Amino acid sequence: MNRGQETEAKFHVRDLSKIKRRLEELTSSLIQPRVHEVNLRFDTPNGDLRRAKQVLRLRQDEQARLTFKGPASKGDGVMSREEIEFVVEDFERAKQFIEALGYQTSAFYEKYRTTYELDGLHIMLDELPYGDFVEIEGEEIESIRRMTDRLGLRWEAAIETSYLALFERVAVKRGLEKSRLSFDVLDNNKPNATELEVMEGD
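Okay, so the sequence shown: first residue is 35 according to my numbering, each after it adds one.
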């Protein structure tokens with residue numbers, strides 16, 4: 035089980051392949067090749083976790099993992115929050131267990147993620163139905179900031195918003211269901227940075 039403080043910066047990018055090439059130039063380590071993720075978010079029928087700004091998530095990629103996240107502290111381009119995560123053997127059984135405790139699925143979303151490691155930081159290249167992103171995760175803001183510069187990203191464009199919250203902005207504008215984010219929802223009609231209400235990181 036992993037328990038600790040998650041600190042990360044997120045950037046919306048136009049050219050993910052350019053970031054990948056830069057990581058290869060910097061001799062980073064590929065620790066997780068591109069993998070498809072399915073994520074389920076859970077809440078009580080009354081939305082108690084959302085109101086408390088907490089997250090209960092079940093994820094399936096190469097493994098199934100259950101994650102709790104506490105309220106996020108935002109500022110200076112990063113999000114920081116308590117995170118408790120552990121591997122579960124069976125995704126469906128874990129889902130049934132969570133539902134037996136009175137929680138229900140509040141959101142579904144999928145993405146592709148490739149993960150690198152460099153100088154003690156994790157760099158995730160994320161492909162979502164509404165765009166491409168880079169996440170840099172580490173323990174110290176300054177080290178994250180230095181990595182941002184090395185990758186050619188603009189610190190002032192860091193996004194202090196979750197992926198689901200970003201999608202909700204698009205869903206409201208386009209009249210889409212806010213709780214389901216799959217690759218068929220937008221039918222390859224991705225929003226631009228203006229519609230997402232973010233700055234381009236590259």
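Be aware that a few hints might be false.
Derived DSS-like pairs (lysine-lysine); straight-line CA-CA distance at most 25 Å [claimed, not checked]: (1) Lys207 x Lys87; (2) Lys129 x Lys52; (3) Lys224 x Lys212; (4) Lys129 x Lys207; (5) Lys207 x Lys224; (6) Lys212 x Lys52; (7) Lys212 x Lys103; (8) Lys87 x Lys52; (9) Lys108 x Lys87; (10) Lys212 x Lys54; (11) Lys87 x Lys103; (12) Lys212 x Lys108; (13) Lys87 x Lys54.
Taking CB as the label site, the calculated pair distances span [to be verified]: (14) Gly136 x Glu229: 33 to 41 Å; (15) Glu176 x Phe142: 32 to 40 Å; (16) Asp218 x Lys87: 25 to 33 Å; (17) Glu190 x Lys224: 30 to 38 Å; (18) Glu119 x Asn223: 27 to 35 Å; (19) Ser177 x Arg208: 18 to 26 Å; (20) Phe217 x Ser177: 27 to 35 Å; (21) Glu176 x Asn222: 18 to 26 Å; (22) Lys52 x Glu133: 25 to 33 Å; (23) Leu152 x Glu119: 19 to 27 Å; (24) Ile175 x Asn80: 16 to 24 Å.
What the hints contain is simulated information worked out from the structure, not anything from laboratory work.
Model, not experiment: these values are computed from the prediction.
Heads up, the beta-carbon is just placed ideally off N, CA and C, and yes, glycines get one too.
Checked hints:
Restraint check for Lys207 and Lys87: satisfied, since their Cα atoms lie roughly 23 Å apart, inside the 25 Å limit. The straight-line distance between the Cα atoms of Lys129 and Lys52 is roughly 37 Å, outside the 25 Å bound, and the hint therefore fails. Between the alpha carbons of Lys224 and Lys212 the distance comes to roughly 15 Å, so the proposed pair stays at or under 25 Å and holds. Pair hint Lys129 plus Lys207 does not hold up; C-alpha atoms about 31 Å apart against a cutoff of 25 Å.
Simply put, Lys207 and Lys224 have alpha-carbon atoms about 13 Å apart, close enough for the 25 Å limit, and the pair holds. Our distance criterion of 25 Å between C-alpha atoms is broken by Lys212 and Lys52, whose separation comes to about 31 Å. Our distance criterion of 25 Å between C-alpha atoms is met by Lys212 and Lys103, whose separation comes to about 21 Å. Of the pairs offered as hints, the one joining Lys87 and Lys52 is violated, with about 34 Å between alpha carbons and a cut-off of 25 Å exceeded.
A C-alpha spacing of about 12 Å is found between Lys108 and Lys87, which places the hinted pair at or below 25 Å, so the restraint holds. For a cut-off of 25 Å, the pair hint linking Lys212 to Lys54 is broken: about 30 Å separates their Cα positions. For the proposed pair Lys87 and Lys103, the alpha carbon gap of about 9 Å is at most 25 Å, so the pair holds. Under the criterion of a C-alpha separation no larger than 25 Å, the hint pairing Lys212 with Lys108 is consistent with the structure, at around 23 Å.
At most 25 Å may separate the alpha-carbon atoms for a hinted pair to count; Lys87 and Lys54 exceed this at roughly 33 Å. For the hinted restraint 33 to 41 Å between Gly136 and Glu229, the CB-CB distance of approximately 36 Å keeps it satisfied. In this structure the hint that Glu176 and Phe142 lie 32 to 40 Å apart at CB holds, the actual value being about 36 Å. Remark: the range hint 25 to 33 Å for Asp218 to Lys87 is upheld by a beta-carbon distance near 30 Å.
Range check, Glu190 to Lys224: Cβ separation about 23 Å, and the 30 to 38 Å hint is violated. About 34 Å separates the C-beta atoms of Glu119 and Asn223, a value consistent with the hinted range of 27 to 35 Å. For the pair Ser177 and Arg208, the supplied restraint of 18 to 26 Å is violated, since their beta-carbon distance comes to about 38 Å. Remark: the range hint 27 to 35 Å for Phe217 to Ser177 is upheld by a beta-carbon distance near 33 Å.
Distance hint for Glu176 and Asn222: a CB-CB separation of about 39 Å, inconsistent with the stated range 18 to 26 Å. In this structure the supplied range 25 to 33 Å is violated for Lys52 paired with Glu133, their Cβ-Cβ distance being about 42 Å. For Leu152 and Glu119, the Cβ-Cβ distance of about 22 Å falls inside the hinted range of 19 to 27 Å, so the restraint holds. The hinted window of 16 to 24 Å between Ile175 and Asn80 is violated, with their beta carbons roughly 35 Å apart.
Checked against the numbered hints given earlier, the structure breaks hints 2, 4, 6, 8, 10, 13, 17, 19, 21, 22 and 24 and satisfies all the rest.
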